[in-house]
Amino acid sequence: MAELDDSAAVAVVGMAVRAPGAERDLDLFWHHVVNGVDAVTFFTPEQLIGWGVPKDMVERPDFVPARAVLRGADRFDHRLFSYSPSDSALMDPQQRILLECAWTALEHAGYPPVAADGNRIGVYVGTGLNVYLLDNVWPNERAVEAAGGLGLIIGSDKDFAATRIAYKLNLQGPALAVQTACSTSLVAVHQAAQALLTYDVDVALAGGATVAPPTRRGHLYEPGGIFSADGRCRAFDAAADGTVPGDGAGVVVLKRLGDALRDGDTVHAVIRGTAVNNDGSRKAGFTAPGPTGQTGVISAALSVADVDPETVGLIETHGTGTALGDPIEVAALRQVFDSVRPDRLPCALGAAKSVVGHLDTAAGVIGLIKTVLALKHRVIPPIAHLLTPNPAVELDGSVFELPTTARSWEPIDGVRRAGVSAFGIGGTNAHVVLEEAPVVRPRPRRHVTELVLVSAKTAAVAQDSLDRVVASVAGTTPGELADLAYTLRTGRAELPWRAAFLTGAHGSPATVRQADAKARARGVALYLTGAGELTGNRPNYDADPVYRRVVDEGVALLRDQNLDEAVRERCDRLLACVGLARSLRSRGLAPRAVAGAGIGAVACAVVAGIMSVADALGLICGTNVDGIRLGPADLPVHASDGQPLTGGGDLAYWRARAAEPPAPATLPVDLDPVFWIEVGTSVTPHLGPDQPVLPADRHARLLATVGALWQLGVIGAWDGVLDTGRRRLPAPTYPFAATRHYLDAPATHLDTERHH
Numbered sequence: 001m002a003e004l005d006d007s008a009a010v011a012v013v014g015m016a017v018r019a020p021g022a023e024r025d026l027d028l029f030w031h032h033v034v035n036g037v038d039a040v041t042f043f044t045p046e047q048l049i050g051w052g053v054p055k056d057m058v059e060r061p062d063f064v065p066a067r068a069v070l071r072g073a074d075r076f077d078h079r080l081f082s083y084s085p086s087d088s089a090l091m092d093p094q095q096r097i098l099l100e101c102a103w104t105a106l107e108h109a110g111y112p113p114v115a116a117d118g119n120r121i122g123v124y125v126g127t128g129l130n131v132y133l134l135d136n137v138w139p140n141e142r143a144v145e146a147a148g149g150l151g152l153i154i155g156s157d158k159d160f161a162a163t164r165i166a167y168k169l170n171l172q173g174p175a176l177a178v179q180t181a182c183s184t185s186l187v188a189v190h191q192a193a194q195a196l197l198t199y200d201v202d203v204a205l206a207g208g209a210t211v212a213p214p215t216r217r218g219h220l221y222e223p224g225g226i227f228s229a230d231g232r233c234r235a236f237d238a239a240a241d242g243t244v245p246g247d248g249a250g251v252v253v254l255k256r257l258g259d260a261l262r263d264g265d266t267v268h269a270v271i272r273g274t275a276v277n278n279d280g281s282r283k284a285g286f287t288a289p290g291p292t293g294q295t296g297v298i299s300a301a302l303s304v305a306d307v308d309p310e311t312v313g314l315i316e317t318h319g320t321g322t323a324l325g326d327p328i329e330v331a332a333l334r335q336v337f338d339s340v341r342p343d344r345l346p347c348a349l350g351a352a353k354s355v356v357g358h359l360d361t362a363a364g365v366i367g368l369i370k371t372v373l374a375l376k377h378r379v380i381p382p383i384a385h386l387l388t389p390n391p392a393v394e395l396d397g398s399v400f401e402l403p404t405t406a407r408s409w410e411p412i413d414g415v416r417r418a419g420v421s422a423f424g425i426g427g428t429n430a431h432v433v434l435e436e437a438p439v440v441r442p443r444p445r446r447h448v449t450e451l452v453l454v455s456a457k458t459a460a461v462a463q464d465s466l467d468r469v470v471a472s473v474a475g476t477t478p479g480e481l482a483d484l485a486y487t488l489r490t491g492r493a494e495l496p497w498r499a500a501f502l503t504g505a506h507g508s509p510a511t512v513r514q515a516d517a518k519a520r521a522r523g524v525a526l527y528l529t530g531a532g533e534l535t536g537n538r539p540n541y542d543a544d545p546v547y548r549r550v551v552d553e554g555v556a557l558l559r560d561q562n563l564d565e566a567v568r569e570r571c572d573r574l575l576a577c578v579g580l581a582r583s584l585r586s587r588g589l590a591p592r593a594v595a596g597a598g599i600g601a602v603a604c605a606v607v608a609g610i611m612s613v614a615d616a617l618g619l620i621c622g623t624n625v626d627g628i629r630l631g632p633a634d635l636p637v638h639a640s641d642g643q644p645l646t647g648g649g650d651l652a653y654w655r656a657r658a659a660e661p662p663a664p665a666t667l668p669v670d671l672d673p674v675f676w677i678e679v680g681t682s683v684t685p686h687l688g689p690d691q692p693v694l695p696a697d698r699h700a701r702l703l704a705t706v707g708a709l710w711q712l713g714v715i716g717a718w719d720g721v722l723d724t725g726r727r728r729l730p731a732p733t734y735p736f737a738a739t740r741h742y743l744d745a746p747a748t749h750l751d752t753e754r755h756h
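Take 1 as the starting number for the sequence shown in the UniProt record's numbering and just add one per residue.
It is worth saying that the hints were derived from the structure and are not from the lab. In this text, a Cβ means the ideal position worked out from N, Cα and C, and glycines have one as well. Be aware that one or more of the hints could be misleading.
Heads up, simulated SDA-like pairs for lysine to any residue below, C-alpha to C-alpha not over 20 Å straight-line [stated by the list, open to error]: (1) K518 x A556; (2) K283 x Y221; (3) K168 x K518; (4) K55 x P746; (5) K457 x A517; (6) K55 x T44; (7) K518 x E494; (8) K168 x D117.
For each label pair, taking beta carbons as the anchor points, the in silico distance ranges come out as [as the list claims (entries may be wrong)]: (9) A238 x N170: 26 to 36 Å; (10) P438 x D560: 44 to 54 Å; (11) P411 x S7: 47 to 57 Å.
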């Protein structure tokens with residue numbers, strides 16, 4: 001197989017799906033797809049009439065009471081996004097769902113959903129017609145009057161779907177609303193990929209949403225029309241007579257492939273090429289499919305990808321199950337693929353609409369996510385409801401097959417590749433060429449103790465999130481556990497209700513508590529006991545590059561020196577104290593002061609910048625004393641009795657401090673109240689109720705102390721200095737609070753949708 005140019009490849013690194021029957025759950029969505037589970041719901045006359053559908057409409061023989069419904073579309077986590085309940089109720093539910101999907105997709109990618117300033121993250125999304133505005137909001141005169149004209153427009157208009165996400169998540173790249181009917185979300189993927197390849201953005205979100213209120217749960221069947229007579233979408237089947245409307249949403253997170261691999265992202269699949277075109281007037285009518293345009297867009301995407309059609313094993317079709325659409329789509333595909341040699345493995349066709357219905361503006365991204373999951377699982381999914389192939393769909397002599405059961409996906413010429421199509425009413429066509437992700441070897445981890453952080457906007461959601469995270473930790477390998485902890489620490493927003501816990505043998509039950517502004521104001525000081533040993537901190541050495549650098553520097557400096565056991569032991573204690581203190585500072589701790597006795601006092605001088613590690617070791621060993629240079633302290637330094645260490649540039653003063661034994665601390669009263677962190681083996685059992693002491697002598701105790709400080713809000717999440725080389729893994733995402741914010745439609749005459 002010829003090598004492709006990865007500089008033009010785009011990685012899918014995160015996904016969020018809201019599919020009928022599989023709300024907020026990628027695994028359940030895949031289960032439904034691979035098992036052909038139909039997500040269409042059929043409604044009783046009583047339900048429909050209760051929602052405001054006229055009784056005479058419900059009783060019509062050509063009325064089909066079916067839709068692929070998205071449960072929970074009336075609910076929204078307004079607190080998380082800082083919206084009032086009234087503003088939430090006025091907002092288009094499609095935009096609310098997209099906002100939550102954007103949050104979830106970024107978390108799934110392992111990135112914090114509220115980005116830091118200076119980011120170049122773009123948003124490319126679209127929504128369907130805001131039927132909620134027409135059916136539910138406009139008739140509510142009191143709500144409309146309270147909102148005012150501008151408020152109503154901002155909450156309802158399609159123009160604000162992308163910019164709302166950018167504003168709430170602080171995404172500072174381009175934020176563009178995309179609107180091309182049924183191809184909207186796949187066109188959005190194309191635009192996002194182009195923005196990445198032209199370096200307009202470094203990360204891009206793309207997707208779409210379509211959601212209708214209960215008043216639109218049903219359609220009128222018209223022979224030869226787009227909607228089916230029995231509420232089933234039977235793509236490519238002889239009994240196919242139309243599609244079924246559905247509700248859903250999806251968002252993917254994209255990065256340049258090279259960047260994703262460099263940054264340790266999980267690559268779910270690779271986009272090799274995309275293309276978009278329009279049929280123009282080369283078709284029977286404005287709403288009719290155009291075979292020439294479909295052939296052109298598929299050929300263009302394969303050309304951009306530099307991919308031979310011979311290597312494509314699956315095409316996720318537009319697959320509406322209509323009498324006109326399915327045959328035209330296969331004819332267009334054959335124009336591209338008929339040159340493929342007949343003896344190679346067949347290319348399967350897929351049709352997500354046979355499971356979730358036609359999700360309109362969200363259909364393309366749902367098909368994309370389905371295909372990414374098929375590549376990840378290496379499974380060709382079946383087409384649901386396929387019993388007898390449609391004779392009008394001419395497959396004889398072609399490379400295509402219609403799978404009726406799930407089967408293993410065998411690579412072609414050593415690779416698995418797929419195409420995804422979406423064709424919009426009005427003629428805008430899109431096609432994406434996908435490839436399975438490159439294999440990345442996991443990085444091993446020798447220890448099993450990790451600090452896991454969880455936070456949420458409310459106590460109840462924090463507890464829910466904690467329960468999910470604890471369940472996900474069970475059974476993971478040490479390497480996966482390290483990646484999971486890293487992802488949850490660096491890839492989540494820091495919210496007020498928090499829990500922190502240790503995994504492994506040192507683990508303990510976690511409790512949820514609120515970060516405390518008073519605790520943050522108290523600050524933290526370090527007490528360096530001068531007691532400790534390097535051998536007892538082997539887990540720190542293995543896990544912590546900051547600690548390891550201090551130890552390695554010291555060992556290298558002492559390697560050629562003939563020291564007696566007592567001096568070497570004192571040097572070890574110095575290195576342990578300095579290493580642990582620097583480790584704490586690398587985790588975001590900014591101490592208000594340091595204090596210590598004996599070797600701990602010398603360690604304080606190193607931590608405060610008065611002398612280097614090399615100079616401190618020389619002081620203890622009595623070597624190169626004349627070359628020691630002392631500088632000013634960058635934070636207050638105290639003795640164990642609370643008095644300032646004021647030796648300044650006097651070497652004799654520091655030699656005397658080094659000779660002192662470890663001592664219990666009384667510590668500076670002028671810093672009270674403050675949290676004290678005891679670094680090194682404990683010599684201070686208790687300082688009183690106003691001076692709580694947190695231990696940091698061993699790896700697990702240090703992690704527990706860091707977790708406690710983070711939970712209190714004393715320190716924030718730290719950067720990746722301690723986790724170099726770790727990967728971002730899919731981890732439990734935010735469990736949004738499901739609060740109903742919805743204006744019910746008045747019981748007036750409401751027409752049922754006749755077109756899609």
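- Which of the listed hints are broken here? Hint check: 1, 2, 3, 9, 11 fail, others pass.
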